[in-house]
Structures are given as C-alpha cells and as structure tokens.
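Heads up: the protein sequence lines correspond to chains A and B, in order.
Position one of the first sequence corresponds to residue 1 (UniProt numbering), numbered consecutively onward.
Position one of the second sequence corresponds to residue 1 (UniProt numbering), numbered consecutively onward.
Please keep in mind that the hints were generated in silico from the structure rather than gathered at the bench.
We put the beta carbon where it would ideally sit given N, CA and C, even for glycine.
Check the hints yourself; a few may be wrong.
Straight line, CA to CA, 25 angstroms or less: simulated SDA-like cross-link-like pairs of lysine to any residue [as the list claims (entries may be wrong)]:
| # | chain 1 | residue 1 | chain 2 | residue 2 |
| --- | --- | --- | --- | --- |
| 1 | A | K328 | B | G49 |
| 2 | A | K3 | B | D35 |
| 3 | A | K328 | B | D92 |
| 4 | A | K3 | B | H34 |
| 5 | A | K3 | B | R179 |
| 6 | A | K542 | B | L103 |
| 7 | A | K328 | B | S123 |
| 8 | A | K328 | B | P115 |
| 9 | A | K328 | B | V52 |
| 10 | A | K2 | B | L19 |
Rough simulated footprint, nothing fancy, chain A against chain B, three-plus residues with beta-carbon under 8 angstroms [what the hints assert, rightly or not]:
| # | stretch |
| --- | --- |
| 11 | 30-38 |
| 12 | 57-70 |
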Amino acid sequence: MKKELLSGNEAIARGAYEAGVRVASAYPGTPSTEILENIVRYPRIDASWAPNEKVALEVAIGASFGGARALVTMKHVGVNVAADPLFTLSYTGVRGGLVLVTADDPELHSSQNEQDNRHYARAAKLPMFEPADSQEALEMTRLAFEVSERFDTPVMLRTTTRISHSKSVVTVGEPLPELPATSIEKNPPKFVMLPGNARKRHLFVEERMRQLSEWAASQDFNRIEEGKGDIAIITSGVAYNYAREVFPDASILKLGMVHPLPKKLIAEFASRFERVVVIEELDPFIEEQVRAMGIDVCGKDRLPLCGELTPGRIRQALLDGEAPPVAKQAENLPPRPPNMCPGCPHRGVFLALNRLQAYVTGDIGCYTLGFMPPLSAMDTCICMGASIGNAAGLSRVLADEERKKVVAVIGDSTFLHTGVNGLMEMVYNGGAGTVVILDNRITAMTGRQDNPGSGFTLKGEDVPAVDLEQLCRSLGIEHVRVIDPYDLELTRKTLQEEMAREQVSVIITRRPCMLMKRQKVALRPPLHVDPDKCVGCRACLKLGCPAIQWDATAGEKGQARIDSLICVGCAVCEQMCKFEAFGVSHG
Amino acid sequence: MVETITNIYLVGVGGQGILLASEILSEALMLAGHDVKKAEVHGMAQRGGSVVSHVRFGSRVYSPIIPEGEGDILFGFELLETYRHLHFLRPDGRVIVNDLRILPPGVNLGLQEYPDAIAERISEAFADTTIVDAASLATKAGSERAANTVLLGALSRRLELDEAIWRQAITHMVPEKFRELNLRAFELGRAC
Chain A
1 MKKELLSGNE AIARGAYEAG VRVASAYPGT PSTEILENIV RYPRIDASWA
51 PNEKVALEVA IGASFGGARA LVTMKHVGVN VAADPLFTLS YTGVRGGLVL
101 VTADDPELHS SQNEQDNRHY ARAAKLPMFE PADSQEALEM TRLAFEVSER
151 FDTPVMLRTT TRISHSKSVV TVGEPLPELP ATSIEKNPPK FVMLPGNARK
201 RHLFVEERMR QLSEWAASQD FNRIEEGKGD IAIITSGVAY NYAREVFPDA
251 SILKLGMVHP LPKKLIAEFA SRFERVVVIE ELDPFIEEQV RAMGIDVCGK
301 DRLPLCGELT PGRIRQALLD GEAPPVAKQA ENLPPRPPNM CPGCPHRGVF
351 LALNRLQAYV TGDIGCYTLG FMPPLSAMDT CICMGASIGN AAGLSRVLAD
401 EERKKVVAVI GDSTFLHTGV NGLMEMVYNG GAGTVVILDN RITAMTGRQD
451 NPGSGFTLKG EDVPAVDLEQ LCRSLGIEHV RVIDPYDLEL TRKTLQEEMA
501 REQVSVIITR RPCMLMKRQK VALRPPLHVD PDKCVGCRAC LKLGCPAIQW
551 DATAGEKGQA RIDSLICVGC AVCEQMCKFE AFGVSHG
Chain B
1 MVETITNIYL VGVGGQGILL ASEILSEALM LAGHDVKKAE VHGMAQRGGS
51 VVSHVRFGSR VYSPIIPEGE GDILFGFELL ETYRHLHFLR PDGRVIVNDL
101 RILPPGVNLG LQEYPDAIAE RISEAFADTT IVDAASLATK AGSERAANTV
151 LLGALSRRLE LDEAIWRQAI THMVPEKFRE LNLRAFELGR AC
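Work out the full structure, taking the sequences as your base and the hints as a guide.
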C-alpha cells in the first residue's frame with residue numbers, strides 16, 4: 001500500500017474523496033482552510049468557497065437532500081455561524097451522507113476564542129468523531145459518511161490545530177469507483193421542519209442517539225489498550241498521543257467517538273482500576289459525563305482548562321514533583337509578533353485613523369494587525385462581521401462629537417461574510433457612521449482564498465464579482481467613495497470628510513494584497529534613503545513597515561534605511577518624509 | 001519500554017521557507033523507513049512572526065509536538081529565533097544555525113536592540129554548534145534563495161540517512177527548474 005506523509009487536513013480531503021463525496025463547501029478559517037484547498041486535487045468533487053459557514057452548510061444540506069455525499073468544513077467559530085441550520089439538520093437527518101468538520105483551536109494560535117466545539121455535538125444531538133492522527137483523520141472521514149447514512153444523521157468530525165496542521169504517515173485507501181446516483185425525493189414529513197413534523201422528528205433524534213450509543217460501544221474506534229499499574233486513562237484526539245508519551249505503560253481507553261459516549265464500555269473499564277484520570281483539552285466534556293454516571297474520575301482538578309495540552313503540561317499536572325524542571329527562555333529578547341507585509345494596502349489607512357484619533361471598531365482579517373503598535377488603531381474586535389453592527393450600536397448611545405470619532409473597518413471578504421447585514425442595520429435604523437471596506441481583492445489572512453468579490457472560484461474559474469459600490473448604494477447609502485490607500489493625503493482627507501458627515505458613508509480603499517499571485521501586482525523598484533537628506537526625525541517609522549530599519553549609528557541622531565530585498569516600492573514612506581530623503585534606488 | 005525518538009526543532013521567521021524545509025526533512029525521514037510526525041502552526045505565522053516547526057522520528061512517534069526540553073537538534077534559520085528557543089534543547093543537544101540577522105519590528109523602530117554576539121553565546125551554551133553562512137554558499141550554488149537547502153545539507157551530516165534519500169526527497173519536493181540549483185546547494189551545505 002502507498003504511504004504518504006499527510007497533514008490532518010490533507011487526510012480529511014483524501015478521506016472525503018475515497019468516500020465518494022460529490023460536493024464540498026466551506027468558508028476559509030485557520031486551522032481548517034487546507035481541507036478544501038486540497039480537495040481541488042480531486043476533480044470529481046464540486047468544491048467551492050461559500051460566502052460564509054452558514055451558506056456552506058446549507059449548500060451541503062441541499063446536496064445531501066439530492067442524494068449526494070457532502071462535506072462542509074470550518075473553523076470552530078464558524079460553527080457558531082452555521083449553528084442555525086445545523087440544529088435543525090439534526091432533526092431532518094440526511095439523504096446522502098453529510099459530514100461537518102469543525103477545526104478547533106486550543107491555545108488560540110490564530111483565533112479570537114478557544115471554544116470547545118464538542119459541546120455542539122451534545123447540544124445538537126449528533127455524533128462526533130475525534131481523530132488522533134492523520135491516518136485516523138482519513139479513516140474516520142470515510143466512516144463518518146457511512147454512519148451518517150446508516151443512522152440518518154449529520155456527523156461532526158472534530159480536529160484541533162495539532163491534528164489539522166500536523167503531518168504523519170498515512171496509508172491511503174481506494175476511492176469509491178463511482179459516485180452514488182442523485183435524484184429528487186419528495187418527503188415533506190422528513191424535510192419540512194414545521195412544528196407538527198419536527199415534534200415527531202425530535203422523537204426520532206432521541207431514539208437515534210440511543211441506538212448510536214449502543215452501536216459505538218462495540219466499535220474499534222473506541223478501544224482499550226491494556227497496560228500495567230493501577231492508574232488508568234480515558235482520553236481522545238491529540239491528547240491521546242500526549243498521554244501515551246507521558247504514561248507509556250498505562251492502560252488507556254481511547255475514544256474515537258466523543259459523542260455519544262460508550263457508557264457501558266467506560267463503566268467496565270473504570271471498574272477495574274483504583275484511579276481513573278480523564279486527559280482532555282479545554283473543557284471537562286468527557287469527565288463531567290463520566291462523573292454523572294456515578295464514576296469517580298479526576299482530570300480538570302489538576303489539568304488546565306485553558307490552552308492546549310502538551311506532554312510537559314500533563315507531566316507537570318499529574319506527576320507532581322517528578323517532572324524534570326524545564327529550562328527558561330533567555331530574558332528580554334525583542335519579541336517578533338506578526339506584522340502587515342511590506343506594501344500592505346491597509347497600512348496607510350490605519351496611520352490615518354491613528355492620526356485622526358478615531359475610535360475604530362475592528363473585524364477579523366489581516367487588518368486586525370492594525371491593533372499593533374506603532375499604528376495602534378483598533379479598539380474592538382469580536383467576530384466576523386461585527387465591526388459595522390458594533391459601530392451602529394455605538395452611534396446610538398454617543399453624543400454627536402464622540403459619535404463622529406467612530407469608524408468601522410472591515411475587509412472585503414469579511415464584509416460579504418456577515419458585514420453586509422450590519423450595514424443594512426445601520427442604514428435601516430437611521431444610524432450614522434463611517435464604514436471603511438478595506439478591499440484588497442482577496443481573503444488574505446487565511447492564505448489568499450477567493451470570495452464572491454474576487455471574480456474567481458476555488459477552482460480558478462472566472463465568474464462575476466460582487467460590485468461593492470453598487471451593493472452599498474442599493475442598501476440606501478448615498479455617500480460611497482472609492483480611494484487608493486497608497487495615497488496618504490487622499491486617505492486622510494477622505495476619512496476626515498466622511499467622519500464629519502451626519503449620514504452613513506462607506507469608503508472603499510481598493511488595492512490588491514501584495515501577496516496575490518494571480519493579479520500580478522505590479523512590482524515597483526525598491527526605494528532607498530538618501531543619507532545626505534535623512535535628518536533622523538523618525539517620521540517614517542510610524543508606519544511600522546518591516547522594510548524600514550532604524551540604524552542608530554548612522555548620521556547624527558541615527559537614520560532610516562530600507563531593506564531593498566523586502567521593499568516592494570509602494571512609496572507610502574516617501575509621503576511621510578518632509579525632507580525628501582526617500583527615492584527610487586538607481587543603480 | 002520507551003523507544004528512542006529524535007526530536008528536531010526548526011525555528012526562524014515567517015516567510016523564510018521553514019515549512020518547505022521541514023517538508024523535505026520529513027519526506028526524507030519517511031523514505032528512510034521511520035515513523036515521522038511534524039507539527040507547526042499556519043495562519044498568523046505567515047506575517048513575519050516567529051515560526052517553529054517540530055519534526056520527530058523513530059520507530060513509533062505519538063505526540064506531534066516535542067516534549068518540553070527534549071529537543072535533540074535545534075535547526076535555526078535566523079540567529080535571534082535560534083537564541084530565543086535554546087531552552088527547547090536537552091543539555092547535550094546540538095545547534096545548527098544560519099548566520100543571519102532579521103530585525104524584529106521593535107528593533108526596526110529603534111525601540112529595542114538586537115542582542116549582540118548571539119552566535120558566540122549559542123556556541124558557549126552548546127558545545128556542538130555549527131554556524132553556517134548559508135547566504136554565501138547559496139550564492140555560490142547559483143542563488144541566494146537556495147539558502148534553506150544549504151542548511152538542510154549541513155543538517156544532513158548530523159543524521160544517519162543515506163545521501164541518496166536526501167536527493168530523492170529534494171527531487172520530489174522542489175520544482176524541476178530549481179532542482180539542480182538546490183542539489184548543488186545541498187552539496188555545499190553538506191561540506192559544512
């Protein structure tokens with residue numbers, strides 16, 4: 001059999017292909033993004049980016065009702081957006097198998113919270129698999145489609161960052177030779193969730209979960225690994241690996257399905273040991289349910305509730321003083337946080353917002369880095385699309401002078417995700433506010449994915465692009481202006497004028513992301529600093545551009561220098577310099 | 001019985017191509033018949049931030065991340081990032097480090113200083129330290145952009161893998177038009 005080194009995300013894509021998935025839909029979100037990016041390697045799958053996670057799930061539901069197997073993937077907070085259709089889908093069940101991947105992010109490597117999405121499986125009453133490596137990610141994806149059809153239920157597959165982005169050796173399987181046939185099937189009692197039908201389906205859901213629980217107790221994915229000693233461990237997902245690493249000889253009950261729990265199996269296992277520890281990341285999800293069975297287990301009394309687990313953290317929590325001391329990092333080293341790229345079109349906008357002392361309601365994307373010094377121009381960040389609604393709410397409670405300080409900033413992709421609703425609200429309910437759509441023509445933060453505004457699909461097909469100006473005007477906004485954010489004076493002046501306005505206005509700052517490959521952003525020659533003209537005033541440093549470096553030893557007071565290897569020639573710094581020290585490099 | 005696992009940290013700055021280097025390394029280890037796991041975090045790390053990739057191999061690897069303080073090799077693509085992660089190593093660990101400084105934002109702004117004599121400090125703390133001038137060797141091979149392959153060459157001497165396997169992994173992972181360049185760069189690194 002062929003062995004490959006695959007990430008969890010690549011393995012899920014492969015598993016979906018082998019399972020005969022016909023439709024895959026998603027909104028990009030770290031750590032889930034690469035699943036759909038890898039699924040395009042299998043041309044028979046109709047894979048696409050949806051405007052948001054709710055729509056992605058609705059597309060998958062439609063495909064399933066038409067008899068096709070459908071995959072939908074998202075990051076953990078994306079499930080919050082998709083939760084509405086998800087909870088009712090649990091009642092209707094499926095026709096073709098439907099699997100929803102939730103990629104959770106303990107430790108908040110790149111997220112705004114670290115919610116534990118295992119609770120969704122319990123709340124929506126549907127089964128959830130949790131793989132512990134890439135091989136399991138592939139196999140459980142295949143199995144999830146079988147379970148979905150066999151028990152008439154959507155199935156969730158939960159990964160965490162360390163599963164999604166870790167690579168391990170996988171033996172791939174054979175794909176279904178042909179995709180199952182599709183057709184229309186009318187069945188209103190099952191698919192039309194009006195109260196009369198839904199009451200009956202709720203009874204079905206409860207019975208389904210009972211049967212599933214019984215079935216899962218005897219399946220291989222929940223397995224006991226017999227060991228030595230009187231300590232036993234219950235665990236699942238990536239935590240299983242850490243547990244094995246720290247307790248190589250212990251008896252372990254490894255759960256592959258974390259909802260519903262195989263209660264009989266757990267009771268039998270626990271009865272054989274004096275002490276049972278549940279090792280799980282984030283919430284005591286398994287632990288509390290096992291306790292509710294009347295079984296005395298421990299776990300979160302010692303293991304942390306916050307952050308991801310590591311072998312070291314488990315050792316420290318459970319092995320008392322036996323853990324070897326961990327060496328400390330050298331002190332006072334300059335940190336290296338992420339930064340906007342050289343030539344990023346957002347930089348000048350945040351400089352202007354800083355100068356105008358705006359109160360900036362922010363959103364999710366690369367531009368959230370506008371929070372960082374020296375730009376320091378972001379005051380709120382809640383979730384995808386929240387900036388405009390937040391600004392609308394602020395405008396209702398602030399006196400006129402303060403209200404005019406409020407500016408909502410949102411990226412093009414985030415605006416189309418859920419921001420547009422906030423703008424409707426602002427216009428509809430007579431709010432007044434300034435909204436800046438930072439239009440860099442792509443979903444940049446997650447790695448440059450296309451969206452309905454970019455004019456291209458996931459598969460690279462040329463399609464009509466949403467016209468943001470027309471869209472805003474159609475909502476009733478009279479003042480829509482499009483500017484080039486590389487022009488600092490124009491950006492500042494436009495912001496100042498629109499902030500003073502009594503009505504809602506939208507400023508679209510349009511410039512493609514510097515990292516975009518397709519549009520071949522015209523690279524301009526790098527700039528240089530003339531040492532005869534630089535007086536060391538440090539004005540250019542306020543941009544926080546990685547290409548501008550301060551040389552404390554140069555000139556009388558130090559001088560700026562440009563790293564010509566990373567400068568892309570956007571010339572925004574040139575506009576900051578009163579001494580005309582910046583220019584295009586000759587020679 | 002605890003099986004012997006070798007733990008390699010790759011550290012550097014987002015945009016340096018560390019993920020591709022760890023792909024080539026992991027591919028070579030798998031081709032050599034080892035169980036391999038590698039872990040890293042994508043997303044924010046692309047934006048010039050600190051990047052860490054964990055590569056582990058042996059007969060059976062469980063955790064994808066290296067247990068704290070159990071690093072065997074610290075494979076650094078930039079001096080400050082290597083110094084920052086020295087505590088990940090076991091006391092008798094080895095360091096292979098690129099002789100390159102990339103200034104972090106606070107230093108660029110003139111608010112902080114880039115620590116001096118990092119290479120010396122690393123060599124003092126770990127006897128088995130190799131400092132590689134990857135940029136010069138890569139230029140010699142044909143392009144400064146092949147610096148990562150030079151570094152992989154330097155690492156390859158410290159792992160018991162056939163050279164043929166390394167060449168196979170590079171050939172597999174690098175686009176054809178850069179293949180010869182990278183194989184030359186690998187050779188030069190191997191001499192370090």
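Quick check: which numbered hints come out false for this structure? none
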